[in-house]
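These protein sequences, in sequence, are chains A and B. Quick note: the first sequence uses numbering that gives the first Met the number 0, first residue 0, plus one each step. Quick note: the second sequence uses numbering that gives the first Met the number 0, first residue 0, plus one each step.
This list has only true hints and no planted wrong ones.
With a straight-line Cα cutoff of 27 Å, these simulated DSS-like cross-link-like pairs (lysine-lysine) come out: (1) LYS24(A) with LYS295(B); (2) LYS45(B) with LYS42(A); (3) LYS166(B) with LYS524(B); (4) LYS45(B) with LYS78(A); (5) LYS304(B) with LYS31(A); (6) LYS300(B) with LYS31(A).
To give an idea of the chain A side of the interface with chain B (calculated C-beta under 8 Å), a few residues: (7) LEU9; (8) GLY10; (9) THR40; (10) LYS42; (11) PRO50; (12) SER240; (13) VAL266; (14) GLU267.
Simulated from the structure, these hints should not be mistaken for lab results. Glycine included, C-beta positions come from ideal geometry on N, C-alpha and C.
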Amino acid sequence: MAKEVKLPQLGQTMEEGTIVNILIKEGDEVKKGDVLFEIETDKATLEMESPAEGFVKKILVSADETIPVGQLMVILGEKDEQLSPEHSASVSAGGEKPAETAAASAESVDAKVVKLPQLGQTMEEGTIVNILIKNDDKVAKGDVIFEVETDKATLEMESPAEGWVKKILVSEGETIPVNVPVLVLAGKDDQLPQSFIDSLVGTEAAPTPVEKAPAEKTAAPKPSSVETKPAPVTAGRIFASPRAKMVAQELGIDLSRVQPSNGLRIVEADVRAATAGGVAIGQATAPAALPQMPEPAYKLGQKVPLSKFQKITAQKMLQSKNQIPCFYLTVKVDATEMVKLRTNLNQTGSVKIAFNDFIIRAIGLGLKQFPEMTGQFKDDHIQLAEEIKIGLAISVGDELVAPLVGNADKENLIQVAQTSKAVIARAKDGKLGIEDIEGGCITVSSLGGFGIDSFIPIVVPGQTTILGVGKITDTCVPIDGNIMIRKLMDMTLSIDHKVANGANAAIFLDYVKKLLENPQALL
Amino acid sequence: MGFKIEDMRKKATPKIATLIKDGVIKKEDALDWLRTIHEIRFFEEKVFDLLGQNIIKGASHLYAGEEAVATGAMAAIEKGDVIGSTHRGHGHCGAVGNKYAQTEEERQTHWNRMMAELMGKETGYCKGRGGSMHIADVDKCHNIGSTGIVGGNQPTAVGAALAEKYKKTGKVVLSFFGDGSTNTGTFHESMNMASTIDVPLVAIVENNLYGMSVPFFASEVKGAGRASNVEDIAQRAAAYDVPAMIVDGQDVVAVFIAIREAAEYARKNNKMMMVEAKCYRWYGHSRSDPRAYRTKEEEAKWREKDPITVLSDKLLAEKLATEEDLRAIRDKAEKTIEDSTQFGIDSAWPDPAELANDVYVEESYPQSLIEAEKKSAVKALEATDAFEAALKTIEGKSKKEITEKSKAKIKDEYGVNVLMMKEVIAEAQAEEMRRDKNVIIEGEDVGLYGGAYGATKGLVDEFGTDRVIDTAISEAAIVGSAVGAAIRGLRPIAELMYVDFITIAMDQLMHNGAFNRYMFGGHAKVPMVVRSEGGVGRCIAAHHSKSLEPWLMNIPGLYVVMPSTPYDAKGLLKAAIRSDNPVVFIEHKATYGQMGAVPTDEYIIPLGVADIKRQGKDATIVTYSRQTMFALQAAKELAEKYGIDAEVIDLRTLKPLDIDTVARSVRKTGRLITVCESFVMCGSGAEINRRLFEYKYEDGRTGFDYLDAAPLNLGAADVPPPMSEPLELASIPSVEKIVAAVRSLV
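Chain B with its partners taken away, still in its complex shape (with noise of 0.2 Å):
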């Protein structure tokens, strides 16, 4: 079905009673939403009341006046399907909290836990780390949340929806989202990629009329600005070619209905539609909101459309219920949310010794994997130099003979394989793909092309489309989609071409890939990777040419590798994929035709180790990615030419950041250079440095104590990268500058 607005407002509402006699509903169930719609109220309401006693301390954007939409649609789906939340998101936890509660005891914990939440007190569904925005039940409700970035969720919906249509639960995922988000970047994106790639997700506008102050289409208040020239939301499902409905948000019957039949179309038929129900926010955008964006009449004129209003009416005037009823309904609710504000009061606080818990899953080697890994490690060095004086010496008519014989060889004395960068990142991928079912690949070019660089070519042939995705140009999206896919049980691999353009999903994968852990008080894992290319060396451009590992090193909760050599590329890809935290793995756009020896033997390398790539005693060169080469040949000249005896310490991870290793080497040398390609003002370097100075050694010394000389740091020099040769080369670190760093400190 392509698109169409099917406008329920012109149909008629069927009634309840009808829906009871279809069995449809029990009469049981209408009398709950007037209970749910009451207590999301006076639950909203207390809210106020304590944010102004100061007891409730933050964010207020409160679903005072939207409870029908909230209401009707959880009630329109199945149990498993998934939600996604927004900002003003009280309703729709509130509701899908009532929808799994079993008992009046359950349903008493659950507003409980939410009233906690908003205090920030330990009990509360995030242990208070989330707070009003990021209120949710993820494990026992299939919420993924919601966010404090305007249309930021959008993504991570579309990510569930792929999971769910990937693991085939027939489940689907209604996405709320309000008006103000429909103009953000991540909206086209998400819409697009969810309508293209065919997932199971119904697409919720809380169309509340305003965003903030600015009316999404019109007021009547002289002076007020206009979000869109569109008046209907749905009109935008057009693009997408996309089924939408319009219904009106204020009557919980008719959400019901709406949410019912779009929940429908997307399960059997894998496909997303769109909802715009229209609604009203009783209260301001937030609490210090005058409101002086619409009229009193406007206000009075919704408000006769009270949810609570027309439910009740329908009620009694089918009979279903008495005015006593729906008193003792009333009455009920507002207990329950006096009851849950006693027990908020009542709560501990969380515990500040706890403060850093749940930002990563805990991740340990066995101590064994990392010596054998070190071992492993120095016998692949052995055959890659061996490999490289065996192409000098062996002779053949081409170059392509020459290299088939040299592998050959070290074969045959190493019992290893001499593989190019980009053919082992694709190898590594695909052997986890084998072992691992959940393990997905999606983003720009990585199907048939295979891959800007050739890093997943061939993949799409063993692994198919339903695994190797092909997406639109859409960062935010492929990444986004990344961590809801994570949240819902994959392990998604998400390739940006360039590490440069993680710019445009930064608010993915900081906000939702890296804090949703934390911020859901531990409640969700996002064990997902992003794998992208960064670094010059092609001379093109400040744009394609960054190395932006300091940006994510900033980040808490996420993950930063970035490997130098195809042997520790494929065990640290495999670990990254094996990760139950969100890894960004960037490999050096110079490095991919690089050749290096590989294991036969499946194998991994632990985040977070080192690798001494050149025992030293003179000075450590503390360096990573493509950088180690320059370093290792730098070091050789050293020693031949001025008899400085260089260690070199590839990081591999850089966080986590194996400190320990590089603190061993300077207590011995005394000495420390940083070398890296990122931009030398607030860099990696400066982060080794700082770790460093602040390390304590069994001693009770520290690494500042063990210096003999100030440290160095080299990195890219703060200019954009230049597309020139000569100044690109001269932007950032060579072997010659490495030279000279250490001879100056020796």
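Chain A on its own, in the form it takes in the complex (with noise of 0.2 Å):
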């Protein structure tokens, strides 16, 4: 009866053993515990004894082969006898080979695998959002074919590499780690084995030894860097202990109207003095109190006096809207990063900004962009202004006036407000000089103040455009599938159509939008 000896695990960390001597020979007759083998381990070398007595009828291994434990190395047997089929078939195999991999099959047909980047530093795992190709679809190389959702955003995969989609191994929605096959691409008529399909589903992170393609091609695409979203922020966070939590949460009180008596954290007394002062999410959600008004200023019936000033206005916004067809586009600017940086740089700076800076020097950039929609209607031909000059409309008094801020294109922010005060200022103090009011391409007509979410103005006759502002309103946004609070802004521009077409006006408008969106731009 043949008796197999193999690789004892000589130690308890031993995984493997490299084999020094061979102290046998096909033939010997050997003894239990005689030694066969000197073995060196991780640790030491070792000899290992026969764990049984017989004649060596096959050695299996040769010196200096390192073997895994557990490892065939000598079969013994009787002195006469001839090795059973079974032990042959594994004399001849030289003990285990790794099995035929999917690495052959694929080769033969040129298929490339496609896997997960790492979109990111951080990312470990992405979710399929969007399947974007489908089998048999042409693919290039830059095609986008995956919408991936990572720990920080939602990207665009891009392929790799050319060819015809031949098996998509994700579906939507699933989350996978890093480096695991979501793809693989053939020529067009190339058949892939279902074996190779199989090796590839529920593969794991470790490289794939079918791999053929050179690693600059699976390199992760880069997600365009300019159109990435804003990265979500979470809304202001209230701190409060973990008891204030759970009793706000019982009494129905809105932390976010608790004061921290502490100055750090609310506190569970902080809660329960507020639920004495009445602060509760019923209210909370309530419309504000009606403010205390003053007497009316005009009675019903009255005839008022036309001002000076009101006279103009009238003559001006006829002429309007008899000489300037007009279209109106209106654009959502998340406005969260603009208001932090101003906050920011009102705490620090000397020169106090105004959300109107902001646009101006927004504008300013747009139309130095879009020079187009300076113009000025011709008969024929179209004007283009000579240079950028912003109206900013302000309430004197009783008056209306919109006094220009020059430079607009060329300051910076800082300089900006500093021009748009000083102007302000003469238009306060009635010292407006004519370059203060003539020439202008543009005015921004601001009405957040006044709780105006947006509006549709009127174009100044002489100029091309008007650029009505809502207020800034906190507002339930999705980005990547969460819920953000974001501080919304409706911007309405009112085009004199003589001079633009919709697509140059929306064009020009979104560079503005995109702009106040990434507001160190404007600095």
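Hints are included, so try docking the two chains, each in its own frame, into the full complex.
Here's what the structure looks like:
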């Protein structure tokens, strides 16, 4: 009866051993306890003794070979015993060879396995949000094939190679670790063996030996940096003790309306004090209390005399409506970053910056980029402005004036703020010069301060457009599948259609919006 | 009999036939010795093989080559005699199991359970909790087990011998240990203790010449080191003035004769004897040992004296057996081991759901007792307050007179005594010693001196030196012998003068005291108390002032008790002595003179029940030991000066920790301040925090949810406690610090 001698584990940590010396040869008779080999382990060189007696029928290892624990080394048998077929088989196989890998079959059809790239340093896994291809589609290198949600954002995953989609290995909504195959590309008429596909499904992040594509081909596609959405930030965190939160929940108190008495975090006592003060969820969502209103300034039926300025305004507005065929475009600007930046700047800087200053500066840059938005219709041509001057509609007493802020295309935000401050001061002092009111190409009119969400302003004759700016409102916005609270601001642009078409104006307005959403660019 | 060495190798070993003729043994005994030796050998060879196949995992200290020592020794002792084993203990366990096997079936079961234990199976002797290095049949074979720490089981064996002597069982203890262990501190502590307190112990040194790779005395291999300048370990018996023998450990007959003589000497005289058996292990220290430290020639020479060959040759020469008989014995042994291997493989794994079983002996107290105790605790506190008030109002010529008058007043009004901490500690021990004969005390200066802090004062007069045992300054042996005595049925109280000295006894306390029950699969219990004192307060610097309870809380299998008042100390100490689990009971050095009211009737305080020493609603102060007094003072100040109503919880027992009481309080107050004298890093306060955070209330919320402020932990500064008084005081929480901490949170 043949007996197999396998490499024993000669120590707790031993996983493999190197055969330093073979002390037997085939045909030798060995006794139990005879030293067969000298084996070098991770700890020492040890003598390996025969676990049984018999004649050496076959030695399956050679000197200097390193083999794992448990590998067959020697077959012992009776003196004249012939090895049985299964033993012969193991002899010819020389131990266990790794099974044919999928690699080989993949190579024959030149398949490209596309794996989920690491789309950011901290990304460990991604969720397939959208699959933009289907089987048998042809994709070019750089085509967007998936939308992948990572720990940071939802990103477009580009194809690292071209080819025909042979098999999509993931489904929408599935979350998979980085480096797991997601797609197989191959030649148009290539057939992929099922065994190869099977070998890819459930493959862990370990590199597959199959991989033929050079490393750079599978390198992570770069998400477009310009178009990246602003990183979601959590809305202003309320610090409250766990107990305060619990009590607030029980009593229905809105913690955002509770002040921490210790200045650090809201504690239970603060919540209970707030209850006494009448803050509750029900009231938190109710409309703000009615303001105290003064006596009405006018009586019904009264004739109100026209002021000089109102007369001029009436004429100009009529003129505008008669001569300027307008169309209107509205966008929502995410002003969160702008608000944050303004707060920061105003905490440290000497010049207080108004939201209008951001908008004027953004328009200045916008008109510099799109000068066609400064034009006036002149029968046979359109005359563009000589310089960029932006009107700012303000009330001075009962009067509406729109003094001009120049150089918003050239000067930075701080300088723009200084300029506008000076202009406003002159307006209030009634000291506006002709250069302060002549030659504007656009006016900014803000009614946010009056609680207006959005409105459609009327273009000042002689100008091309006017921008109506609404108030900044905390709004729930879905970002990457999360509901985030963002500060949104409506802007409506009225445009003289004689001068600009919808697309031109839209591109201009969108650019201004993006500048406002990336306010660092305005500095 | 004092020190002398008898070298048995120089004397003629009697013939087996002579032993039979003299009625010392029967022929079957001699044949059975061979069978046992074969069984051990097959067992070890099988284990080596199974380790190689990874069927057995873990350690592999094999006994092959040394079988004659265990076989001869077990044959020489009586049933009921106790053995203590080593990390190379398969032979001891195997041979002693055979001794108690009445039938072939029992013998097979014995080897089955051994093999299953090595495989880590539920059917093993220790349910797979111990494995190779900790295998023992504690119940049936009077085997107090083996340890993985070299020399670790020697103090335990001394304690076992102490128990046999005290209980007058007439039994002796065989303490096996290797040559390597004779250079450890426990060897000296144990031999010295055994020889000075006179216990029936046979110390058997299995000198296999190498401690792992280092020769005990010499090796022919160049570059080999040396562990000793003395070749014969028996010579070390001179240090203890005890008799010793040297015997050929390869010859089972020689071992039998020597151990028989030694055991009889120990039994008759209640004294120890040392027997050095010269032997040799066939395998290396463990699997990964290439045996580079000894020559092939040396190995071959010893192989000629294989215990199997030596005994077989004798049996053949004396015509007590034929070759055929011998082969039959060998085959039978082989079959036993093969069957045991199959049994082990077929056995089930332990159930992970039972992972935490058998760490402790289950302890429970009737709810009525807990409720009654709470009432008496309140009464004791009131009476103590009244006593303190009386001290201030009652007039007298001297302090002593005022005290006596005040005591009388309290006795009158409340019917309780007012006693000092040290008095109640002594009283609690005395009461328990009267109640239970198995309670004994051992330690330094516990006898005539009455304990360094007077906590055993007068006990030796009442209970004698058999029960109040003064020992040498040998902390490991004091604690280790208490473990051994506890396993053998006593309820020892070991006093360590300072808890700082527990560092020297830590191996004994943890590995033997706390772990034995679990590692023996729940088959042992260790009902012992280590009494000690700790804390700062006497300007004696860092070696005498620490609070090491977090170390002890960190040990599964131990209980830790730290009382703050005389009332608590008495009731808790009595409960600790009655507990079937090892308890460390730490008094605070600044409290021994503290006076407090103590009921005249007998009472015990359940372990694991905290005491609310002051009710409050604004903040929860959790503390224990002396800091309880500071916390109570702080609470008073907080109420009087700042209108803050703090609750003070005295944990009393740190393990088990009464987190329920803490959590209930925090639910009320929302604020937690822990106060203790142990180092704040990884300290008891941090642990209380953790437990509270994770605590689940019946409303589904956690302790975290109920917090209204981040908890504060006051503990000892992360510095060695300094000697200088201002520094010493600065290193621990004080009344002012507690007041400030609470105010910062409320």
